[in-house]
Amino acid sequence: MEDFNYTRPASLSDAAATHSNADDAMYMAGGQTLIPVLKQGLAMPTDVVDLNKIDGLSGIEVAGGFVTIGAMTRHAVVAASAEIKNVLPALTVLAGGIGDAQVRNRGTIGGSLANNDPSADYPAAVMGLGATVVTDQRELSAEDYFDGMFATNLEPGEIIKAVKFPVPEKAGYGKFPNPASRYALVGVFVAKTASGVRVAVTGAGQDGVFRAAEIEDALNNNFSADALSGVTVPADDLMTDMHADAGYRANLIGVMAKRAVNQANGQG
Amino acid sequence: MPDISLTVNGEQITKSVEGCTLLVEFIRETLKLTGTHIGCDTSQCGACTVHLNGQAVKSCTMLAAQADGAEITTIEGLAPEGQLNPMQKAFNDHHGLQCGFCTPGMVMRAMTLVTDNPNPTEADVRHGLEGNICRCTGYQNIVAAVLDGAKALRG
Amino acid sequence: MSNVKIGESLKRFEDQRFLTGHGRYIDDINLDGQARAVVVRAAYAHAIINAIDTSAAMAMDGVLLVVTRDDWLREGFKPMPTKSGVKNNADGTPLKEPPRHALAIDRVRYVGEPVALVVAETLGQAQAAAEMVDIDYEELPAVTDPVEALKPGAPQLWDDIPNNLCLNFELGDKSGTEKAFAEADHVVSLDVLNNRVTAVPIETRGCVAAYDAAADKYTLWNASQNVHANRDTFAEVLNIDKSQLDHIAPDVGGGFGAKNSGYPEPSLCLYAAKRLGRPVKWINSRSESFLSDTHGRGQSSRVELALTKDGTFLGLRTTTVGGIGAYAWTVGPFTPTGGSARTQGGPYNFPAMFYSGKAVLTNTAPMDPYRGAGRPEATFQTERIVEYAARKLGFDPIELRRKNLMPKEMLPHKTPMGLDVDSGDFPLLFEETLKMAEKADLGALKAKAEAAGKKYGFAIAPYLECTGGGPKEHAGVTFNKDGSIDLAVGTSSTGMGHETAHAQILAANLGVDVERIKFRQSDTTATPLGGGHGGSRGMEVGGNAVQQAAQEIIELAKPVAARLLQSETDEVEYEDGTFKAGASSVSMNDVIDASMDKDKLPEGLDEGCLDHSSVFERGVISIPNGVHAAAVAVDPDTGTVEFLGYWVMDDFGTIINPMLADGQVMGGVAQGIGQALLEDIVYDPDNGQLVTGSLMDYGLPHADEIPNMEIGYYEGAPTKKNPLGVKGAGEAGCVGACPAVVNAVLDALNDYGVTHIDMPLTPQKVWKAIQAKGAFDPKKLLGDAA
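Which chain is which? The protein sequence lines are E, U and Z, in order.
Under the numbering used here, think of the first position of the first sequence as 889, with each following residue one higher.
Under the numbering used here, think of the first position of the second sequence as 261, with each following residue one higher.
Under the numbering used here, think of the first position of the third sequence as 139, with each following residue one higher.
These are calculated hints, taken from the structure and not from any lab test.
C-beta atoms are modelled at their ideal positions from N, C-alpha and C, and glycine is treated no differently.
Be aware that a few hints might be false.
Going by beta-carbon spacing under 10 Å, a handful of chain U positions derived as facing chain Z [what the hints assert, rightly or not]:
hint, residue
1, Gly-295
2, Ser-303
3, Asn-352
4, Asp-353
5, Phe-361
6, Glu-382
7, Val-385
8, Glu-390
Build out the structure end to end from the sequences listed, making use of the hints.
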C-alpha cells in the first residue's frame, strides 16, 4: 500500500488541525474498513489521522432516557454491555453481529457511521431509533446525517464524538447476512417509541439506509409479526447484485422485519 | 517514520516503521515471526490473528504504528519453546489441523474465545470462529479441539 | 516390534511445528539479496496486445527488471505442454492444443493472464512499478460460457481452432445405449450444471527462484503439489536439462489440485533470477489468486436415463460441454472428457452407457484439477438423474437406488465405461448408511424442523470413485548412525499427513519405533522421481512404495540377521521387528545397528547395506466407493439451508490411519457442501471480467455452516490391486457431498413442485424456486450443443 503520514493526535482540536493542514487526509477509527480500502489502493491519502489516542471518545452512558456511545467505542464493547442490554438489547444484538469477533475488537461505531457502507449494520440502528450524531461541531439527526451510499453530511474534517440513542419502548434487529462477506444483505431495525414505530432498513437501498413506511404503518396499528403478513415493500429502489436481486431483498425486508418484531416482543 | 515501542511475546521492542506498515508485516518481516500468516486481502480468513492486549485482532487490518504501547502475543508466544499449551495440544489430539496454514490464527482466536466464554457450547464455538476460515478440515475436528481445549484450560 | 500399527490413529508429527508457528511455508523463505517480483496481469478477457511500454516502470525507484514477451521470444522459450490423459478426438485426430506461454504473446485471452513480470528491490516498489507498465490493448469480443463458445459466430480464441473446440471425446457403447433407450419404458432427461469453483487453499501460490551461475543450476522453492512433473515443465520451457533445476516444495498450505499445475510464474521468476544474478521471490495475493489459480468443475451436461416399467436401469447417456479456460492446461482437456466419463453410472448396474464430452476453450482462467477432477461431476450427474427420475416417475428414491445397486456377487465387474470394479459391497454400505441415519431419529428431526416452520429433506447418495495421478512412486530409506531413519517419498502432502502416515507404514513394517523416522517429501534432490499429490494417490501409490521398500529392506537385512544368529540366510524368518532362526532371535533394531558396523556384517556387505530405495508402480487404478446421506431443513421464508445430520460410509479398503482418513472425508464433504450451497465463480458474460474476485463475493464455508459428520468405514473388501489393499481416500468426500446435499434440499422442496435447481443452491435461488412453485422448469443448458 502507498505510504502516508501517520499521526496520532491526543485531542480533537489537534486531529482537526492535522486534518486541515494536510493535502488529503483521512481519519482512522477502528480501521476495519479503511485499511482494506487503503490496501486495495481505492484511497491514497497523504495523511492518516488516527483517532485512537484521543481521550473521551469512547465509553457508554445510559442516562435520562438515552444510550450515549462514544464514537471510538468498539463493537465488542457495545455487544457485551450489560447496561445497554438492560434498556436496549437490540443494540447489543446488532453490535454482536457485525463482522466477526476480531473485527468487533477493533471496529467502532463512529467509524462505521462515518463510512456509511450501505451494508453496514449501525446505520439501521441510528435511523431506526432516530438517534443523534454528535460531532465536534454540532448535533445531527439521523435524517440529516445520512446522504446516500458511502455518503454523509459530515463536513470535511468534522469528527463524530458520540451517538445518542433514545431508549425506545422496545426494539429488535433482524439481519440476513451476505453468504460470502457476511455483511447485511438486508438488516431491519424495528423500534416502538412513544411517538410511534420506526423501521429502518440497511443493506438493501440504492441510497443506503432508509425507513420502510409500509412496515411502520402496519406496526403502528398492531406491533406484532402477524401485522406484517401481506405487507410488501416495493422493490423499485432496492439494490441488485449477484447475491440478491431487488425482489429477493424486498422479501427479506419483510421476513427480517417480522423477526425483529418478534425479538422486540421477546418472542425469539 | 513513526517510532513504536511495544511488547511482543513478552519482549520489549522499539523500532521505526513506515506509516503504512501493517502489523502483520511488522511481525513477519521485521520481527521474523513467521507463524502469523496472510491468507487473504479482505480481512476475512483470520490466518493473521494475534492478541492485542489480550484480545484477538486481525493483524492484516491494523497498522504497526497503532500497536505502539501495546502487548502483542503471536502463536510463537503461546507456550514455552518446544511445548504445547492445552489448546494447541487439543488441536493435535483431535486432528484439528491439516495443512497448518490457518492454524495459528485459529488457535489464537480459540484462546480468546475460551477466555471470554470458558464453557462454550458447540454452537458458541462454531459461531465464535466465524472470523477464521479453514479449507482443509471441515471444522468438525477444530470444534472438537476447541471444546476440549476449553475444558483443559478450565482445569 | 514397532510402537505403531497400520490401522491405528497415530497423532501427527507435523502438528508440533504447525501449532507453534514454526511451519516453513513459501512466504517464510527469504534468501540473501532477494528481489521481489509482481506479475502484471491482463485487464481484458480478450485483447490484442499492440505494444508494451516498460520505460516508465523501469524508471521507478528500485526497479531491476521488467520481463515481457520480447524476452520470451528472444530467448526462444517454449510453451507449457498439456499432459491430458486423453489426447485424441473421437475420430482419432489429435486434440487442438494452443501454445501456452508463460507470458501472453500476441493476445491476452483471460483477465489475469500474465503479461509482464516486474522485479524490484522491494515488494512495494515492484507493486508501484507494475501499475506503470503501459500496455496498449485492442479489445476483442470475449466468450466465457463453453456452450456459447461452441455456437456459430462466437468469438474465436484461436484462429486455427474452429468453434473453440479443443477436444471432442466419446466413451462407451453408443449403439447399444441407443438400443436401450429405444426399448425402454421410460426415458428421463435433465440438464445439470456443475458450477465453476476454485480451490482457495488458504496459502496462496508463490515461489522463490535462485540461480547459481558457476554451476549453471537453478533452485526453485515453490508452493507446488507436484515438484517432479512441474520441474520437467519448467525445464522444458526454459530449454534447460531437468538436472539443472532442483525443485523443492516447503510446507504447503493446502492444494486440492490448485497447486498441481505447471504455472507461468515460476518460469518467469527462474528467468529473472538468472538475468539479475539474484534470488527472486513472488507471492500471489488472494485477489490475484481468484484470477490466476486454476478453477474446476464448470460443466454443463444433459443426462438421460432409460428404465423399465419396474424401475430397472437400462442405460445412461451423458453429454457434457466443459470449459477449460483459454489454453489446454496440465490436465484441463481431460477433466470434462475422460475424467468425467469413467465413473458414470456410479455403483449401479447399467447394461449400457455412453458418454460424450467436449472440452471447450473460453476467455476465462485455466481449468485444471480440483479435488476429484471429473469424478464429482460424474457422480453428481448420475445421482441427479436418478433422483429426478424417481420424482418424475413416482418411485421412492431410496427404493429405486436399492433396486439398481450392483450386488456383491457381481464383482469383479467391468463397467460399460471400462472401469475395473474389483471389490466392495455396495448394498451393504447403502443399508449401513441408512441405519446410521435412522439412529439419529429422522422422524424427530423432521418434526422439529416442521414445528419451526421449516421444510425437511433427506437424501442418500452412493458414489463410485477411482484413483488417478502419477502411477509410479519412489520411497528411499537411509539408516543413520544417530539412530534416525530417513524416509524420502515423492508424494506431496499439502496437509494430508503423509509425514505421519508414511512413517507409520515404514515403522510398522520394519518393527521400529516411529519416532526414529525423519520424513522428506516434495524435493527433486531427495527422490529421483515422484508423482506428487493428485488422484487420491498418497497411500495407494506412495504408501505402497514405502511398504515395498520396507519389505525389500527386510530381505536385505536377512543376511545381516543370519550372521548375528549364526545361521544361514534362508533359515531366517522375519515377523514384526524380529528375525528368528530356530530358537534364537534378534531384533530389527540390532540388525540395523549391525548394518553400521563393518565388524558385524557378513563378508561382501558394507556399512549402510540396508539403505534402500524402491519404486512402486500401480497396475490398475483402485475403486474407492461409499454412500453419503444428508438431512436438511429449508427455511421457506429466506431459502436458507440448515443441516440436521450428515452420514458417510466409505470403502477405502485398508485404512492406514483412521483419524487421518476422517480428516480427508470431513474436509472433502465441506468442500462439496461449499460447492453445493455457496461457492460460484462468476464471470460477466458481456466482458469476461471476474465478478467473484475476492472473498467478499466468493463464499467459503465457515464453521457454523458445516455439520458434524458421522463417518464409518467398511474394511471387508480390501483391493488386491496393491499390496496394502488401499483404495484412496483424498477426494471421496467431495464426490459424494454435492448430490447428497442437493437432493436433500430438493426433497425438502418437493411440496412446492421444485424438481431441480442448479448449484450453488444459494438462499436466493432456493427462495425463487419456491416462489415459482410447480411452474418451475429446469433450464435447457445445452441447447443445440447436445
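Restraint satisfaction for Ser-303 (chain U) [CB to CB of chain Z, less than 10 Å] | Holds, about 9 Å.
With chain Z as the partner, please determine if Glu-382 (chain U) meets the hint condition of a C-beta pair closer than 10 Å.
-> Check passed: Cβ of Glu-382 (chain U) comes within 8 Å of chain Z, closer than 10 Å.
Do the numbers back the hint for Asp-353 (chain U), that is, is its least Cβ distance to chain Z under 10 Å?
-> holds, 7 Å
Let me know if the C-beta of Glu-390 (chain U) comes in closer than 10 Å to any C-beta of chain Z, holds or violated.
-> Constraint on Glu-390 (chain U) satisfied, holds at 5 Å.
Should the interface hint for Phe-361 (chain U) be scored as holding, given a Cβ-Cβ cut-off of 10 Å against chain Z?
-> Holds, because the Cβ-Cβ distance from Phe-361 (chain U) to chain Z comes to roughly 3 Å (cut-off 10 Å).
Are Asn-352 (chain U) and chain Z close enough, Cβ to Cβ, to be under 10 Å, as the hint says?
-> Since the shortest Cβ distance to chain Z is 4 Å, the answer is holds.
Restraint check, 10 Å cut-off on beta carbons, for Gly-295 (chain U) near chain Z = Constraint on Gly-295 (chain U) satisfied, holds at 2 Å.
Once the shortest beta carbon distance from Val-385 (chain U) to chain Z is found, is it less than 10 Å?
-> Status holds, d = 7 Å.
Of the hints listed earlier, there is not a single one the structure fails to meet.
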